[in-house]
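Chemist: Sequence:
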Amino acid sequence: MSTKPRAKLIDVTVENVAERGFFCCMSKPKAEGYQRKLNWLRARFAEGMRIKMYELPQRGFIEYIPGEYAWRTVEAKGYMFIHCLWVVGKSKGQGLGGWLLKACIKDAREAGMHGVAMLTSEGNWLAGKELLLQHGFRSVAQAPPAFNLMVMKFDNAPAPALLDDWVKKAEQYAHGLTVFRSDQCPYVDDAVKTVLNSAQRLGIKNRIVELKTCEQVRNLSPSPYGVFSIVYNGELLSYHYLLEKELLQRLEKFKGNKNGKG
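Numbering (this note's numbering), first residue to last: 1 to 262.
Source of the hints: derived by calculation from the structure; they are not laboratory data. A portion of the hints provided could be inaccurate.
[Said to hold, decoys possible] Think about it this way: if two alpha-carbon atoms lie no more than 16 Å apart in a straight line, the pair counts; the simulated EDC-like pairs of lysine to aspartate or glutamate are:
id	residue 1	residue 2
1	K52	E19
2	K30	D189
3	K52	D11
4	K212	E47
5	K193	E244
Please model the entire structure based on the sequences and the hints provided.
Modeler: Below, the structure written as structure tokens:
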């Protein structure tokens, strides 16, 4: 049985979020992305959003919300849904991620929910599935390139599901470069600027679709991640941050594929 680590967990609330922050972008509290996330959080706390993070020097946090308010393209009503779970730097390897997960599971049980769910991916922005597998979660749905909807069920209620009409959603934006964004992640702001700068550099028509509610994420977003996507000529280019060099390479590749099909 694992020993509880010597680290203090802080509950971030609407009353203390301005003082405590929310883990990400803490060194840039005046940045637009930070301020947008801060305002977004203030609205989410009323919906049951919870953030727990370790007091320094430990570095890790978890963000979760009742599934009907999840900002992913999922149907997860009755489940607690984890948006983010991170432990970074020297804090890795101490079991801190597991204790964050246990805190969420405890809250979900006390709230009488059917279980806990989280969307994972490999390598980009979202956490991988390994920690969740170790704690009894299982994958109930998958989507390319590497998404897994991980679930721990407390009872026999139907499992959460992915809303899998992403291709049709992307096809509705068939001309130029379209960026879908929300304020759930503070790093999205810089990602959007990179995309728009690249589009302008190449003379590509571009636009932004602002996702202001969880319903808009479910109804409009062309990827499971939901809160950030890049669509080029009706096809999903990426759901995560791309450096300008990589973005330009992908745009050239997509243009080449289109020309080849003609």
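Chemist: If a hint holds in the structure, say so; if it does not, say that too.
Modeler: Cross-check of the supplied hints:
1. In summary, the hint linking K52 to E19 is supported, as the alpha carbons are separated by about 14 Å, within the 16 Å threshold.
2. At roughly 13 Å between alpha-carbon atoms, K30 and D189 fall within 16 Å of each other, so this suggested pair holds.
3. Restraint check: the Cα-Cα separation between K52 and D11 comes to about 5 Å, which is no more than 16 Å; the hinted pair holds.
4. Of the supplied pair hints, the one linking K212 and E47 holds, its CA atoms being roughly 15 Å apart against a limit of 16 Å.
5. Straight-line distance between C-alpha atoms of K193 and E244 comes to about 10 Å, which keeps the hinted pair within the 16 Å bound.
Against the hints set out earlier in the document, no violation occurs for any number.
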